[in-house]
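Based on the sequences and whatever the hints tell you, model everything.
Residue-level listing of the chains:
4 protein chains.
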Amino acid sequence: MEPVAGRAYGIADKVEAFVRETIIPFERDPRATSHGPSDELVMEMRARAREAGVLTPHILADGSHLTQRETAIVLQRSGLSPLGPLACNTMAPDEGNMFLLGKVATDEQKARFLGPLVSGEARSAFFMTEPAEENGAGSDPSMMMTTCVRDGNDWVINGRKKFITGADGAKVGIVMARSEDGACMFLTDLPDPAIRTVRVIDTIDNSMPGGHAVVDIVDLRVPASQMLGQSGEGFTYAQVRLSPARLSHCMRWHGVATRAQEIATDYANRRMAFGKALIDHEGVGFMLAENLIDLKQAELMIDWCASVLDTGSAGTIESSMAKASVSDALFRVADRCVQVMGGTGVTGDTIVEQAFREIRAFRIYDGPTEVHKWSLSKKIKRDWKAANA
Amino acid sequence: MEPVAGRAYGIADKVEAFVRETIIPFERDPRATSHGPSDELVMEMRARAREAGVLTPHILADGSHLTQRETAIVLQRSGLSPLGPLACNTMAPDEGNMFLLGKVATDEQKARFLGPLVSGEARSAFFMTEPAEENGAGSDPSMMMTTCVRDGNDWVINGRKKFITGADGAKVGIVMARSEDGACMFLTDLPDPAIRTVRVIDTIDNSMPGGHAVVDIVDLRVPASQMLGQSGEGFTYAQVRLSPARLSHCMRWHGVATRAQEIATDYANRRMAFGKALIDHEGVGFMLAENLIDLKQAELMIDWCASVLDTGSAGTIESSMAKASVSDALFRVADRCVQVMGGTGVTGDTIVEQAFREIRAFRIYDGPTEVHKWSLSKKIKRDWKAANA
Amino acid sequence: MEPVAGRAYGIADKVEAFVRETIIPFERDPRATSHGPSDELVMEMRARAREAGVLTPHILADGSHLTQRETAIVLQRSGLSPLGPLACNTMAPDEGNMFLLGKVATDEQKARFLGPLVSGEARSAFFMTEPAEENGAGSDPSMMMTTCVRDGNDWVINGRKKFITGADGAKVGIVMARSEDGACMFLTDLPDPAIRTVRVIDTIDNSMPGGHAVVDIVDLRVPASQMLGQSGEGFTYAQVRLSPARLSHCMRWHGVATRAQEIATDYANRRMAFGKALIDHEGVGFMLAENLIDLKQAELMIDWCASVLDTGSAGTIESSMAKASVSDALFRVADRCVQVMGGTGVTGDTIVEQAFREIRAFRIYDGPTEVHKWSLSKKIKRDWKAANA
Amino acid sequence: MEPVAGRAYGIADKVEAFVRETIIPFERDPRATSHGPSDELVMEMRARAREAGVLTPHILADGSHLTQRETAIVLQRSGLSPLGPLACNTMAPDEGNMFLLGKVATDEQKARFLGPLVSGEARSAFFMTEPAEENGAGSDPSMMMTTCVRDGNDWVINGRKKFITGADGAKVGIVMARSEDGACMFLTDLPDPAIRTVRVIDTIDNSMPGGHAVVDIVDLRVPASQMLGQSGEGFTYAQVRLSPARLSHCMRWHGVATRAQEIATDYANRRMAFGKALIDHEGVGFMLAENLIDLKQAELMIDWCASVLDTGSAGTIESSMAKASVSDALFRVADRCVQVMGGTGVTGDTIVEQAFREIRAFRIYDGPTEVHKWSLSKKIKRDWKAANA
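Residue numbers (the numbering used here), protein chains in the order written: chain B, 136 to 524; chain H, 136 to 524; chain W, 136 to 524; chain D, 136 to 524.
No distinction is drawn between identical chains; accordingly, a pair holds when it is met within one copy or between any pair of copies.
Here are the simulated BS3-like pairs of lysine-lysine, each with C-alpha atoms no more than 27 Å apart in a straight line:
| id | residue 1 | residue 2 |
| --- | --- | --- |
| 1 | K431 | K520 |
| 2 | K411 | K516 |
| 3 | K306 | K238 |
| 4 | K245 | K306 |
| 5 | K431 | K516 |
| 6 | K431 | K149 |
| 7 | K411 | K520 |
| 8 | K149 | K520 |
| 9 | K411 | K513 |
| 10 | K514 | K411 |
Keep in mind that the hints were calculated from the coordinates and are not lab data.
Here you go:
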């Protein structure tokens, strides 16, 4: 692997300073609710980020993106607060949506839908997942039940979507549905009366503005010009988005877990128990040591997977390996931080408790660990068959 | 071990039927807030329990308690809903407080303070833990900083307490403080203007009415007749309460984890993925199998520890072994249930998500796993020294 | 569960004293080779056991067996040395073979084949498992390829068997083969020229005399009177043997793991590192504490499963739960003991290293953990279907 | 990190081809005994390596070494057979000893002692560790009890050393002892009658020729010119050797674990159970998938630590992180391979069983995992103190 260009570190240092100095104080802001921070809070933080020159820091002025390895460095730093990615516009699902539009949208589509995202004025949502309880497309996207039918110059879309992060309050939607040709993707302005929020789900995490919604799409009419790419190619585009988006979660949560480790370390050095500082108890010190190792391994897996994506590979296998191992490792880190801090660890007095909940959810979204292991075992079998043909 | 008497099973079956039929529907009641169910909801459920003859089921009409092994069977069933112990009055900290008063209080104290607890009309709080950040008595009670000073016929108490479960709304308080003789315990009516709620802490769990509070005790004046037992004997009484209270948490959370397993099993049998029921995927089926084993082991550890307590032993070591292993095992169970249920697992749509959060907290309160391992290693050393003296 | 009768403790105490005083010194005997102790050594130790009145202690003078719960107590003690079960005649496969013959053999068969086993004069082998690499009956007995064909008054058996423990040196064989009716079992004197040892396999364990052999059975002729039970009922009889034999491994290895813990505890108390006794390092003390818990849980699982078997149940599910959890728990115990002892832990200077290797093998034989989890998940599914029919 | 130079891959490819084609067949050679391969076998394999141009492949013709990152690539490939490092002269302790002499020895010392090692004609031993049971220098080298006293132009050394790998049969010794100035190192020809093998220890591993010996050093007389560096600087030199030697174990065992994964994968694809190939059971496929991840993480940790060493840093912390995590990860890999292969996994029929035993030992030598975690927790504390001074 080539060394990462210095520019990434320059951006990352600015992002880190901004998050530490300006954003961390917002962590106690009451506008951060259990369905995610309010849009008012998000916009206030973004105004600060714009001022500090760290808004959408992974996309350069000419519209080009940092490489994935560079992005990793920047996004990890933005994650030093759960609010950092919101402030810097490096959060999910926008970061992945911007990446996708950058790759697939027409110039006209970019001007209308991508522009407001990059400038941080709008948020977006990605309407793919469907209700598992109705046997729709959960971890297995081949089960997609939402349909789109051509009607003159329009497409008409019907279906139900679930776990649509940020739908509530988003201005740009990317909707996935199935035509006769296969899967399709559409761009749409939000809100739209044809997309009805059934409910915003109570979930264990609460970092994402708008939370995670169930929506009914009823006769949503979209002009053909707002189809993203070609009819039937929807899964190809989902694939374009898949690995980088998966990996960018790893990056951000790595930042949060790093911060949790800082907080737990501080606690363990200050607090006494049974006659000495907590950290002088091996039972505590060893947990922090294990965290040090887990954080380093996670960082290396992210960097490695990013380097594969930077070659132009889809990186499906590599991002499965990274996602499964990083989400599990960061969860262990957060869990140990909670444990190190004892009673304080299970309170909202620090972000350690939130980190624990958020990363628990991360072990499931973008593919539960088991689905990734399943893919990996299939890959091992394919490779063996190829070698023994 | 003798077989458990049949009476316990009779009571337990009634409790289970009540919890399943009457209490589980309350799980979606909006009065169950993030600081615990409201007292209105608690009292409504208790009225139903009284009607059904399952209120305070572990204390018989003559005031005697079931044995610990019997209690285990009854409390596990009451735990089949997180609301069950509230409804049945088998919850913490009341169950432990009633046990303590039953053992130590004078007849007069019992009539005034224990009676309303047994009848389910009042809730109580146990004011022991102090703020770790001020190096007070957290897991290490020898660090107690709250003081009590004799003044005529009264005692005057000053200090700060933290993580006082259920303080908000309680009618009976047991307050621990340090006199010249050592630790003391006092009974007090609540609310009392000298006990001021600084804040109710946001915590990861939310099953306990009143939540967990920080309180300042400022010149709390208590008549000497409300001292529990003797001055300086407070830790002895805390010890009486310690093991049974610790174990009763194991009992209740065992019930909750059992229910989580039922929900996850149902989900895994109904939901399809990649062409077959989830449970037919070994990755899922094996998790449910591991839960089956963990639940059985936890049940056996509880029963074994209970049988030791029933001999009259303090059971300090045994309850450390039980608490450490059961809390960790039940957490693995809850974590696997979340994972089995995928996206649904991290939502509030079932109590699986709550079980996960509650049991995470349980790995810390009543002694973090590490403190118990520390005690056990000391015990191993003592035994070795005794054998090699 | 009823309390275990006192007689078992009386026997167990005698067994323990014998193993500690008489057998442990044999652990350094050079006749204990990498294919197991020589038969000369076995017979020498048995002579001592006979003298001490602890030979075949789980079978009473009248031929009756201790209950399974009683057996557990006795066999755990016999396991305090890896040589103990050989000395006391409580080892595999003989213990299981004696149990099976006691249940299924005719009086005549008992006199001829069971007698010398109970008296400790002979060893036996159970010819069931077949080579996995030829897709024979490994963990999946339905794949049995060895055949038996009636020829006049005899049966003629042909096939290849693998991992036949103790075949080399055994005097009694139980051979499993498939007739037109299904599986059959035959008793045979050993050695027999028709049963040819292809090789004794090098394996990670070395506690079993005769090791584990691959044998070819070529036109083995057995009189019909030596068929055990009925033609086609072989799997029924295997089932009779299955759970108790599985569980008796748990019992013996529990004893060995207990001894490993004693050795590691002694080491940790005597040896200094970084200025204090090893056990005073939490990193070490916590491992010993975890062992204490694992040993207790394993003991409780064994006792529980034994109590189920004592009701007359086949206990298939319960013994799967016990075997999977106990073998994994005891392996963790042995692994931690190795780790506590550092360099010494990986040497043959104590039996800790052997315990580690033996119990590693135990995680595989009598059903790898994964096969048991598979059975348990099927059971969970069946139960769900029954409840939701 | 800079990309690794192409030369390393060229060498590594040659080494891999050699190991796969020429050395793997030797794995069944009876000269590979339980105390390690005989020197005859080693020399025969080295002759082949010399022919193939892959002897001591990490040291170039001009005496310079590959960088650590390059070395990693080459040593991993040499490890594809447990015999590979012996054949290629990349094994411990010689690889580390050559590295040390290359850094510290005088030209004269190099010609006499280093030359025969690089040419593969001689083996060497490093006499540092002392018996823990006598409270000598085990994991804690500050406890060194072996002394050296100046006597005219000579030093006279006395003490006992333990776990001296390869001592039996070595021609070059590096002996560590304590003078008034502190620790010292000496070069010595072997055998020497003053260095007496007390015994070669039976250990769980058996890949190293000469095994691991206990030796008594009785009045060993060494000319002052054979002191390595300065008196009192012995720990400085040990430090020079420490991290690279530690890391080179990671490299070689990574190769062995990779091979174990190949063997288990092949087995899982060929063998049927319950109606389908083993790998099609998720219980098996997931284990292989976890191995894929663990192997990748271990590779990345090795590469990262090597890159730190290549900057000239002592890399103490980084090599602790790498050693602790890699040894544990590779053990998990080997353990899963054993489990995947069922009965075959615990036999000597493949090198999987040996890999399991060898890597178990590796979790202890060069610092047990716990010692590394201890160092890391001290480092975390130091860093915190520095930041909060």
